[in-house]
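Enquirer: The task is simple: from the sequences and hints, build the whole structure.
Residue numbers (the working numbering), protein chains in the order written: chain A, 1 to 327; chain B, 328 to 544.
Don't take every hint at face value.
[Said to hold, decoys possible] Per the computed footprint, the stretches of chain B lying under chain A, defined by three or more beta-carbons under 8 angstroms from a beta-carbon of chain A, are:
id, stretch
1, 347 to 354
2, 374 to 380
3, 435 to 448
4, 508 to 522
These are calculated hints, taken from the structure and not from any lab test. Since the structure is predicted, the reported quantities are computational estimates derived from the model, not experimental observations. All C-beta atoms, glycine included, are put in the ideal place defined by N, C-alpha and C.
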Amino acid sequence: MTAIVLDQPGALTSLQDGGRVGHARHGVPRSGPVDPLAHRMAARCSGVPVDEVSSTVGIEVGPQPMTMHVEGGTVAVALAGSGAELAVAGSSVSAPCVVDLPPDVPVTVRARTWAYLVPAAAVDVQPVLGSRSHHPRSGLGPSLVAGSRLGLGAPRAVRVGRRQAPRLPGGPELTLLPAPQTQLFTAPARSALVQSSFSTTTAFDRMAHRLDGPALEADGGHDIVSDGIVAGALQVPGDGRPWVLTADHQTTGGYPKIAVLTTVGLARFVRLPPGTSLRFAWGDPDTARAQLRDAHEEVERVVAGRITPTELQLGRANLIDGVVDGT
Amino acid sequence: MSPLEGASVVPFGECAVVLEYGDRIDPAVHERVLGADRAITAADVAGVEELVPSYRSLLVRIDPLATSPEEVVDAIAHLDDVPAVAGGSLVDVEVSFAPDDAPDLPTVADRTGLHRDEVVGLLTGTPLRVYLHGFAPGFAYLGGVPGQLDLARRATPRAPVPPGSVLLAAGQAALCPTSMPTGWWVVGRTDHVLFDPRQDPVVPFGPGDEVRLVVGP
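Expert: And the structure:
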């Protein structure tokens, strides 16, 4: 039986499937991928049918590189994520790609922000409350530590090679929709939200990403009677600096939400490295839904589209043939 | 009564819509939230992924590829609130108020001008209403704490408290299933299982139920 062995997972690396749906009412965060569209891309490239994407578990790699190797034979893996790459045997392959990893050879995976490695085989980990996602604060779901071994089932047929990166629809501004407390904020705060520039910071984890920018003030203070939250919400505590809530956000909270990013807007946001300047613009829910459908269709187009050899395949060919193929 | 009657329908992106019934913590407001929660759960409205009831509002989480907030609100408009079954369940929770388990009891007594035993008497004297689980898995917010115990939170959060801590602040009590830092006052500790992912249901009581704190071993 083949397996993936984590040598150094990296601080924020974890196992994630589509998330733990249905237990928010019990205080259980949904978890799942910080970048669901990149997780989808990796799952589809790994040969998972489209209706099984949300139950597909992958390794989410955060800002620290992950080192690993495979055991028991060659294992094909898919890697997706904006700016991600995989280094093996002196070659570096950029995502999105599917590569054959030879056994017992060190592999390093680097994400620019968040990346997803999905083997082309079922991963043998048990679900908790219907999900294989790990939630570090509660300990729900299987955790990864140095030396963790993930047993793999029968391999799925995949086509090895590089894919084109799926494009996200929409313009350069990140699209916002109204949230329950939008009207609690002062008129200057609401106008600063879409007229000023903000930037991403190094203060982030799977729960939330803090923004730098103008302070956003709510009329009557920043304590509300706690209510429900969704990912993408811009929550503003008393210092006026907004946090964008992501996959592991708490199910309820007592700070006002000035707006919420659309699903596609949130995917754009989580791909921005720390220190990136950004702007917001208001949108509408119908366009948001259309863009999400487009984003899924773009993944399907790219998965079915042109495949080019990876640097690893070219390097191998050279090794075997002893000639440099310049084409 | 339709769940939309007297409710503010508040959009929350393309993935959710919120039904708000007020802006304060009040059993009557909370009953509306739960009536809508039960109605939408029973109707199994297409495209609704899950519901998150809280003090004064119900978050309706939807699959944006399957439906739109407008379609879901239209479907909810045709439903009827489902009332609570007469007198929700009353669950006894044994609590240790021993000094090691209730490190803030002296401070709470001091600030409220009450004797320690009077504080314990007030905490155990009346059943507390379960408003919601939130913040962390199985973390239960309880209301109905006597007004004499209305204290602001600590100025600075304390180091992680042990699982089972009974917390008090801002006129509310809470039962905390896991170790975590908190700005609430720690006034007791229970061995009652507050969250168990291997059980169904995973929590021992739900919103609308009552919890009676009982002086335990």
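Enquirer: Are 3 or more residues of the stretch 347 to 354 of chain B near chain A, judged by a Cβ distance of less than 8 angstroms?
Expert: holds (count 4)
Enquirer: Mind checking, does the stretch 435 to 448 of chain B have 3 or more residues with a CB under 8 angstroms from chain A?
Expert: violated (count 0)
Enquirer: With a Cβ-Cβ cutoff of 8 angstroms, does the stretch 374 to 380 of chain B contain at least three residues near chain A?
Expert: Holds, because 5 residues of the stretch 374 to 380 of chain B bring their Cβ atoms closer than 8 angstroms to Cβ atoms of chain A.
Enquirer: Check whether three or more residues of the stretch 508 to 522 of chain B sit with their beta carbon closer than 8 angstroms to a beta carbon of chain A.
Expert: Since 1 is below three, the answer is violated.
Taken one by one, the earlier hints fail for this structure at numbers 3, 4, listed in ascending order.
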